[in-house]
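A.B. asks: Single-letter residue listing:
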Amino acid sequence: MENLIALLVAAPLLGAAVLLCGGRRLDAVGHLIGTALASVSFVIGAILFADMLGKDAEHRAMAQHLFSWIPVEGFQADVAFQLDQLSMTFVLLITGVGSLIHLYSIGYMEHDERRRRFFGYLNLFLAAMLLLVLADNYLLLYVGWEGVGLASYLLIGFWQHKPSAATAAKKAFLVNRVGDMGLSIAIMLMFTTFGTFAFGPVLEATGETGEGKLTAIALMLLLAACGKSAQVPLQSWLGDAMEGPTPVSALIHAATMVTAGVYLIVRSADIFNAAPDAQLVTTVVGAVTLLFGAIVGCAKDDIKKALAGSTMSQIGYMILAAGLGPIGYVFAIMHLVTHGFFKAGLFLGAGSVMHGMNDEVDMRKYGGLRKYMPVTFVTFGLGYLAIIGFPGLSGFFSKDKIIEAAFAKGGTEGWILGSVALLGAAITAYYMTRVMLMTFFGEKRWQPDENGHEPHPHESPRSMTIPMIVLAFGSVFAGGFFSIGDRFVHWLEPVTEHAHGHPPVSATTVTLATMVVLVIGVALAYVQYGRRPVPVVAPRGSVLTRAARRDLLQDDFNHVVLVRGGEHLTRSLVYVDHTLVDGVVNGTAASMGGLSGRLRKLQNGYARSYAVSMFGGAAILIAATLLMRAV
Amino acid sequence: MNPVNYLYLAALLFTIGATGVLIRRNAIVVFMCIELMLNACNLAFVAFSRMHGNLDGQIIAFFTMVVAAAEVVVGLAIIVSLFRSRHSASVDDASLMKL
Chain A
177 MENLIALLVA APLLGAAVLL CGGRRLDAVG HLIGTALASV SFVIGAILFA DMLGKDAEHR
237 AMAQHLFSWI PVEGFQADVA FQLDQLSMTF VLLITGVGSL IHLYSIGYME HDERRRRFFG
297 YLNLFLAAML LLVLADNYLL LYVGWEGVGL ASYLLIGFWQ HKPSAATAAK KAFLVNRVGD
357 MGLSIAIMLM FTTFGTFAFG PVLEATGETG EGKLTAIALM LLLAACGKSA QVPLQSWLGD
417 AMEGPTPVSA LIHAATMVTA GVYLIVRSAD IFNAAPDAQL VTTVVGAVTL LFGAIVGCAK
477 DDIKKALAGS TMSQIGYMIL AAGLGPIGYV FAIMHLVTHG FFKAGLFLGA GSVMHGMNDE
537 VDMRKYGGLR KYMPVTFVTF GLGYLAIIGF PGLSGFFSKD KIIEAAFAKG GTEGWILGSV
597 ALLGAAITAY YMTRVMLMTF FGEKRWQPDE NGHEPHPHES PRSMTIPMIV LAFGSVFAGG
657 FFSIGDRFVH WLEPVTEHAH GHPPVSATTV TLATMVVLVI GVALAYVQYG RRPVPVVAPR
717 GSVLTRAARR DLLQDDFNHV VLVRGGEHLT RSLVYVDHTL VDGVVNGTAA SMGGLSGRLR
777 KLQNGYARSY AVSMFGGAAI LIAATLLMRA V
Chain B
3 MNPVNYLYLA ALLFTIGATG VLIRRNAIVV FMCIELMLNA CNLAFVAFSR MHGNLDGQII
63 AFFTMVVAAA EVVVGLAIIV SLFRSRHSAS VDDASLMKL
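Each protein sequence line maps, in turn, to chains A and B. The numbering of the first sequence is our numbering, which starts it at 177 and goes up by one. The numbering of the second sequence is our numbering, which starts it at 3 and goes up by one.
The set of hints was computed from the structure by calculation and includes no laboratory data. Idealized CB from N, CA, C, for every residue including glycine. There could be a bad hint or two in this list.
Said to hold, decoys possible - Simulated restraints, written as ranges between beta carbons of each label pair: (1) 54(B) with 801(A): 19 to 25 angstroms; (2) 69(B) with 756(A): 55 to 61 angstroms; (3) 56(B) with 774(A): 47 to 53 angstroms; (4) 13(B) with 756(A): 18 to 24 angstroms; (5) 787(A) with 13(B): 55 to 61 angstroms; (6) 766(A) with 34(B): 43 to 49 angstroms; (7) 801(A) with 67(B): 23 to 29 angstroms; (8) 803(A) with 54(B): 23 to 29 angstroms; (9) 793(A) with 69(B): 17 to 23 angstroms; (10) 793(A) with 5(B): 27 to 33 angstroms.
Using the sequences and the hints, build the whole thing.
C.D. replies: Dropping the structure here:
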C-alpha cells in the first residue's frame, strides 16, 4: 500500500508534463487528460483512505522512502513521503475538490484557446500541493510550497494579455516571497538547532530545546503561513489574485493552497505548543485577519473580491484556532475542510453567474438571477447557508467549535478572542447575505453594454453544474457527518492531539450567542439590501466603507511604508554614497593630484637647480651622519 | 709639511668647484668646475693615503682619473653637439626636459 503514495503525486505531475510539453496536437484532448489524471489521483487517495480506515488508529500512518535527494555527511535530504491522518485529510480534499474543479473547468474554459495549458498548470498545482502535504520533511515541503506558489503565479496571470492580471500575478508572487523567506529561515534554524529537518526528529526534539529558539522558529513559520494564507500583514495579494480564471480562484485561492499555512502550523504543532508567545501572536494574527477580511468583504461590489475577503476572514478563523493549541488544531482542520467545500462551491457559483452574464463581476449589475439560474441559485444558496453557520449545515459545526475554543483559551485573552470571533460571525452573516441578495434577489439591474449587447443570463452546462451540486452536498452534510460522535476529533487525535477546552460560559450559550449575532447580521443586510432597491451606481458611503472598498488601505499602507520607505532609504543611501564614500575617494584623488601638480614644478629643466638639490641633499645626509655620530 | 694642509686645500678647491657648478651658466666652465671637484677629491684621497700610511687612497685616485677621462670624452662630445644645434653653450638654455 505504501508504494501507492508516490503515485498520488506522480499522476498529476505526469499530466502537467504531458500537457505542457505535448504541444498543440493535444489541444483536442488536453482537458480530458488533465481531468482523468486528477481523478486517478483521487481514486488512489480513496483506496489509501479505505486501507487506512481498516487499521487501528495508532497504526494508520504510512511512510514511503523514494530516494536520497542530497546525501552529504551530516546533511540528509530525502525524498520521502508520510501519509498520516492529517495528510490523508488534505489528500482527499485536494484531489476531491481538485477533480471537481477540473471537471468544471472543461465547461468554463471551453472557449479559451489555451485550455490545454490551463489544465497543465492545474495538474502542476495538484502535484505540488500533494507534495507539500505528503512530504515527511520540511525541505521537501518547501519544494511543494514553492511549487504551489509557481502554479498560483502562472494561473493568476493566465490571461496575461490583461495588464491587471499580469500585475496581480507579480504582486502575489512577490508578497509570497516574503513569506517563503520566513519558511527558509525556519528550516535553516531547525537545521542549526536540531541537525535535521525531518518532521519526526524535529518534533520529538522540541522538549529539549530552549523556548527562545522555538519561538523564533515558530514565528518564522507563522510568517510563512501569513504569506501563503493571506493573513495580515501579508494579505494584500489575495484580492488581486481574483484576476485569474474563476476555477483557479475556487481551487487555489479558496479551497486548498491558501490553507497551506494552516497545515504548516498544525503540522508543526509541537513547536508551537512549546512556544506560548508565538501561539499568542498566531491567535492575534488570526483574529485581526478575520475582522479585516470580513470588513473588506462587506464593501466590495465585485462578487469575486467579496468572496476573496470572505476567504481571508475564514482562514483567519483557522489560524486563530491553530494558535489556540491542542484545543483548536482539530477544529482548524475541520473548518478548513468544510470551508473547502462551501467556499469552492460559492466560487464555482460565482463563476457560473459570470459565465451567464458575459463575465460581468459587478454585483450591482446583477439582481433577480434566481429565476434564470435555478441550479446555481440553489447550490450557491446552500453554500451561503453553510458559510454563515446556519444550524445543521457544515459551517455551523466547524465555526461554532472555533468560537467555543477561543473562549476556552481562558482569561482576558479568551474573552477578547471569543468576542472577535463572534463579531466576525455577525459580519460574515452580513456580507454573505449582501452578496446573496444583490446577486439573486431584487429586480434585474443589468443594462446593454456600449455595443448594445444585453446579457442573457442562462444556466451553465452540465459539466459546470455537477461539481457545484457535489460541493453543495459537501457544504450541507460534511460538518454534521464530522461532528456526529466527534468522528473528526477521533480521526485526527493521534496526529495533532486534542484537549477539550473549558469555556467560561457553557457551549450552549456560545451556540445561542452565535445564533443571535447571525440573525442580527442577516437582518441588517436584509434591511439594507433586501427591502430597498440596490443602486446601480455605488453610493459614496461612510469613511469606513470607502476605506474597505480600497481593501482598508492595505495597498496605500504598503505604498507609503514599504515603497516610499524603500525609496527614501535608497535615496539616502545614494546620497551617503555620493557625498561620503565618493567624497573620500575623490577627495583623496584630488589632493594627490594637487600635491603632484605642485611637486612637478620642481622639474623645471634647469640643470643647475637639480645640482642645488643634489648638493642640498648631500649636505643634509652628511649633517645627519655627523649628528648621529655625535649622539 | 703637515698633510692636513693638503686637506684644507682640497676642501677649498672642492668649494670653488661646487660654487662654479651652481652659479656659472657656461657649460664648458661648469664642466671644468666638475673636474676641479673631482681633482679636489683626488687630492684628499692621496693626502689620506699618506696620513694612514697605506695605498688605498692612491688606488682610488687612479680610478677617479680613469673615470674622469671617460667623462671628459662623453661630456665634451655632448657639449659640442649641444653648441652645434643651439649655438649656445649656456646650461640654462637647454631646459627642455621639464613637464
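A.B. asks: Compare the structure with each hint and give your call.
C.D. replies: Evaluated hints:
1. 54(B) with 801(A): 19 to 25 angstroms: holds (20 angstroms)
2. 69(B) with 756(A): 55 to 61 angstroms: holds (58 angstroms)
3. 56(B) with 774(A): 47 to 53 angstroms: Holds: the Cβ-Cβ distance is about 50 angstroms, inside 47 to 53 angstroms.
4. 13(B) with 756(A): 18 to 24 angstroms: Violated, since residue 13(B) and residue 756(A) (Cβ atoms, about 59 angstroms apart) do not stay within the stated range.
5. 787(A) with 13(B): 55 to 61 angstroms: At 19 angstroms between Cβs, range violated.
6. 766(A) with 34(B): 43 to 49 angstroms: Holds, at about 47 angstroms.
7. 801(A) with 67(B): 23 to 29 angstroms: holds (27 angstroms)
8. 803(A) with 54(B): 23 to 29 angstroms: holds (25 angstroms)
9. 793(A) with 69(B): 17 to 23 angstroms: holds (21 angstroms)
10. 793(A) with 5(B): 27 to 33 angstroms: holds (30 angstroms)
In summary, the numbered hints that this structure violates are 4 and 5.
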